[in-house]
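Colleague: Could you put together the complete structure from these sequences and hints?
Residue numbers (our numbering), protein chains in the order written: chain A, -8 to 98; chain B, 454 to 673.
Because the hints were derived from the structure by calculation, they are not lab data.
All C-beta atoms, glycine included, are put in the ideal place defined by N, C-alpha and C.
There's no promise every hint is true.
Claimed, not checked - Computed spacing ranges between beta-carbons, pair by pair: (1) MET37/A with GLY639/B: 49 to 59 Å; (2) VAL627/B with ASP89/A: 35 to 45 Å; (3) ASP561/B with GLN80/A: 53 to 63 Å; (4) VAL536/B with MET37/A: 28 to 38 Å; (5) THR66/A with ARG599/B: 43 to 53 Å; (6) ASP89/A with VAL586/B: 25 to 35 Å; (7) THR66/A with ALA588/B: 28 to 38 Å.
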Amino acid sequence: MKRAIVALMIGGAASLGAQAKTIKMEVNGLVCAFCAQGIEKKLRAMAPTKDVYVSLEKRLVAVALKDGQDIPDATLRESLKDSGYDVVQVARTEDSLDAVRKAAKEK
Amino acid sequence: MRPFIRAAWLAIAVAPIAAHAKPIAFQDGWTAMAEYGTDTMREAQVFYAPRYWWSGGLSATKIIADDGRFEREMPGAQLNYLVKRWNLPAAQGNFFVWGGLASARGFDTGGERFSAVFTQKLGAQLDYETRSVYASAKTDWFHSSRFTHRVDTVQLGFAPYEHDYDELAFWFLVQARRINGGVMAGTEWVPMVRLFKGNFWIEGGVNRDRRAQLMVMMNF
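Modeller: Put into structure tokens, the structure is as follows:
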């Protein structure tokens, strides 16, 4: 029992220590590239942002983070709202932005 | 030039203004539009949006009767308000209203010139779009002690392919428009082509008289 608890604690600590490289957001209303320019503009203005990727087809907005940095979900949702869109879901991944982009382009 | 041709020219000229264009870009964003190319319509607009649901700026519109018997130039200020936006999984709908004040100048039928005529402008737009279909209905109302005009526009469009964020967008549209107050008679149907990529938008058309018009728009 003790071993199981220790293993769980170690696993949890490792999980907390893992740094997300990319934030992925599922966004509603994302149908026009011209109208969605504000999303990129606002996200790039944030200090933790390294790069931004938008896919209309996948309804996806992805943000690559600088090392050791993050953006709170509430800030992301507000930023997208100010750009005129609604965030449905936010997820973090250790995948690079290139990997996210490649996966999004795969049909 | 036959009245129909001139009316079609006018419809092509004003089409970009009523088209896909939205008067509010995004929070802290600018929208600039300029259109030139016909004998019957000129318009330039610059709006700044402090929030995603409202914007304000300058708008200058010139309307010329299809037979040239009168002209109105209406430079002024305009406020735009997003009443409702529907962000759906694969579509977006919007309901905008706007109002403005202008100082009109020009000449009436008979050639009598006027200037500094207080003019009110009110308008609304309801639109719906997916990545392959577009529909909008818009109305603009200009009123002063010397004239009243209402411009009603309905547009339907489709994209031959669904563009993505980093790709060139290409659209075909058909527009039906009525302008009252003696500017044109009946309803005009106008085919249009539109291209945009990044924050730059350009569109144009050529009428049956092979007279071209051009409209450009930028968000930044």
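Colleague: Broken hints, numbered, in rising order?
Modeller: Every hint satisfied by this model.
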